[in-house]
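A.B. asks: As a plain string of letters, each chain reads:
2 protein chains.
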Amino acid sequence: MNNTFQNRINKLRERIENNQSLLLSSSSDITYYTDFNFLLPEEREAFAFITKNSASLIHTSFSPIGDYPFIDYLKGSYPNQLANHIEKIIDKEKIEEILIDAETLFVAELNAIKEKFTDLKVNNCDTAIIQNFRNIKEPVEIEQIKKACIATALVIEEIKNELFEGITEYETKIKIDKLIEKHGADGLAFPTIIAFGSNSALPHHQPNDKKLENNMAVLIDMGTKVSGYCSDMTRTFWFGNNPSKKFLEIEKIVRAAYQATFEKLKKPTIKAKDLDNAARALISNKGYAEKFVHTTGHGLGLSIHEQPSISWSNVAEIYPNMTITIEPGIYLENEFGYRYENTVLVTEDGAVELTLQD
Amino acid sequence: MNNTFQNRINKLRERIENNQSLLLSSSSDITYYTDFNFLLPEEREAFAFITKNSASLIHTSFSPIGDYPFIDYLKGSYPNQLANHIEKIIDKEKIEEILIDAETLFVAELNAIKEKFTDLKVNNCDTAIIQNFRNIKEPVEIEQIKKACIATALVIEEIKNELFEGITEYETKIKIDKLIEKHGADGLAFPTIIAFGSNSALPHHQPNDKKLENNMAVLIDMGTKVSGYCSDMTRTFWFGNNPSKKFLEIEKIVRAAYQATFEKLKKPTIKAKDLDNAARALISNKGYAEKFVHTTGHGLGLSIHEQPSISWSNVAEIYPNMTITIEPGIYLENEFGYRYENTVLVTEDGAVELTLQD
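Just so you know, the protein sequences line up as chains C and B, in that order. Sequential numbering from 1 applies to the first sequence in my numbering. Sequential numbering from 1 applies to the second sequence in my numbering.
There's no promise every hint is true.
Which copy? The list can't say, so a pair holds if one copy fits it or any two copies do.
[Claimed, not checked] Below are the EDC-like pairs computed for lysine to aspartate or glutamate, each with C-alpha atoms no more than 20 Å apart in a straight line: (1) K114 with E103; (2) K75 with E290; (3) K182 with E162; (4) K175 with D349; (5) K75 with E333; (6) K210 with D67; (7) K114 with E335; (8) K245 with E138; (9) K182 with E171; (10) K286 with E353; (11) K267 with E165; (12) K11 with E42; (13) K266 with E335; (14) K210 with E181; (15) K267 with E353; (16) K52 with E96; (17) K273 with E97; (18) K264 with E162; (19) K271 with D119.
Since the hints were made in silico from the structure, they are not lab data.
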């Protein structure tokens, strides 16, 4: 594992100049490059500061840290402490520019740094520089994602058989929570979405006391985590023996949209936006363009949502060993929503569905 | 409940001028003022924008929202969408200044806003303005915190009896996860800290495969959540019949430091730093000043860590109906750490220990 982090840092280093430095503030980036695991990411327990000659983990000193010879461990991560640590490194290494990750650095942190260095260049770093190789998963990462995907698929398979008329969404959530570890996962990648009937028309509905009735749509969107790595899967199905005609119609469209997107991955090179378009064109042709309210998918790994976003505007290319979701959906207010989602591993000649167990 | 949020927004409004506006970016602040619940706070699912005349929830449109007549619901929360929504409100209401929460607004978000408004004043808001009444809990909030505290105390009581020689920290975590809902909580307020032996010397240690041995220190720091409200409690105890002399000595000091802090709350007015000093002076007098590496406590509510910080430098006064933790600790590297923590409710004439069940 020692080489894993050294290699990642070296790759990142190749992207910066001798007089530049890079401040990492996204928790999953910091984990990826330094092996530091966050207890509460919103509490800024650590930053990473990378130059051509050094790599520093600036941390609170309350949490476990690694013991890598190529990382300097510096205690104290409050904005002022952060600025002080950076000052010392900059002076020593004659750094002239700090590249920051504007999407994850707080204004107060930037202010503390700027106050310290009036004559230093502080510029936004293209997050692609930081995250480009993170998107392409290493074998050790794929292994964990696969485990998480299998656990999720097994939980969804099992919970389907535990539903009954009158169970609430919240009671279903509790049942799911109890299955997570049984199937080998460490915990949840995000709060499970369980939606009965018209509640499924809201993509991020959260379980409440709505009761399951006979002949009702059920949407479950969940993901487990294994060793920090996420999985993501959605199934929508009809509870009862008489699915409505509308449900069957929408199901057919969404499943076809999914399949069309999946097939596109067999093309040797494809852009994220073309993947999105495969699903969107199909749904639009059936007259539901405005009911497909989100992107077709997203990368996932240490974060549940990471690059590449499978969106209509993303021109990034899809590469082998990326792990992404394909998750088209149609949402009919006051009726139901239907989403179908698998986590897939992109390969040289297509993709493998990691969450497919049914 | 309708009045709850209206009243909170009105109180906040009293703190700003007619030509000012306030952009809330902390997820727990947004929940507190608008009843919006986040699925993934790091994904910026919503912002709140408050002026004298309007209150807006700027949201992704994927999650459940309230239906309050005093809130405008505006769809789209990406930085550009955020800036566009703000622009319309500012034009309409002739706003001249935006106050931001620099501690929770990302640089990219501020940049999107600044690009839009070259002649508008953008200034940092003192977070005390936003959070001052959040610290003083309403009866309905105290009720939920109490429930969470009772659940936590019951879980810790039960898990103590389930430990055995050879169980790992991680297996203990799994057992705890299964007890959460049994005792009436919705989930965890933060990842449970379980540390055996020398692992307890690190305040934020995370459970691993270390096995429990006879005659070893055990530290469990955990908190459950009920209806979004947190609890926090730590117990350190000796597993086995022969606690070391050192353990008993440290236990005595930490418990005395806790008690001294708790007693201080009986004074009619006291500052946070004086509370911290009560614990710190006692521990310092015994020669362990440098081993008490964190603050004496923190406020908690919708967030696990909120104001007031019970730190040596915080001059804020402690008021009745604040919910805070008291949690002195001593950490001896390669030996063990000892922390004792309760969540307490500050009252007119002292404090009540909400997590005290043993």
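A.B. asks: If a hint holds in the structure, say so; if it doesn't, say that too.
C.D. replies: So, going through the hints one by one against the coordinates:
1. K114 with E103: Both. Shortest intra-copy (17 Å) and inter-copy (15 Å) distances satisfy the 20 Å Cα cut-off.
2. K75 with E290: Between copies only: 15 Å across, 51 Å inside.
3. K182 with E162: both (15 Å within a copy, 19 Å between copies)
4. K175 with D349: Neither way: K175 and D349 sit 39 Å apart in one copy and 44 Å across, limit 20 Å.
5. K75 with E333: between (51 Å within a copy, 16 Å between copies)
6. K210 with D67: between (50 Å within a copy, 18 Å between copies)
7. K114 with E335: Answer is neither; intra-copy 52 Å and inter-copy 41 Å both fail.
8. K245 with E138: Result: close neither inside a copy nor across copies, 45 Å intra and 49 Å inter.
9. K182 with E171: both (18 Å within a copy, 12 Å between copies)
10. K286 with E353: neither (26 Å within a copy, 61 Å between copies)
11. K267 with E165: neither (45 Å within a copy, 56 Å between copies)
12. K11 with E42: neither (27 Å within a copy, 27 Å between copies)
13. K266 with E335: neither (35 Å within a copy, 57 Å between copies)
14. K210 with E181: Between copies only: 19 Å across chains, 26 Å inside a chain, cut-off 20 Å.
15. K267 with E353: within (16 Å within a copy, 63 Å between copies)
16. K52 with E96: within (12 Å within a copy, 44 Å between copies)
17. K273 with E97: Neither way: K273 and E97 sit 34 Å apart in one copy and 39 Å across, limit 20 Å.
18. K264 with E162: neither (36 Å within a copy, 53 Å between copies)
19. K271 with D119: Close neither inside one copy (41 Å) nor across copies (40 Å); limit 20 Å.
The structure shown violates the earlier hints numbered 4, 7, 8, 10, 11, 12, 13, 17, 18, 19.
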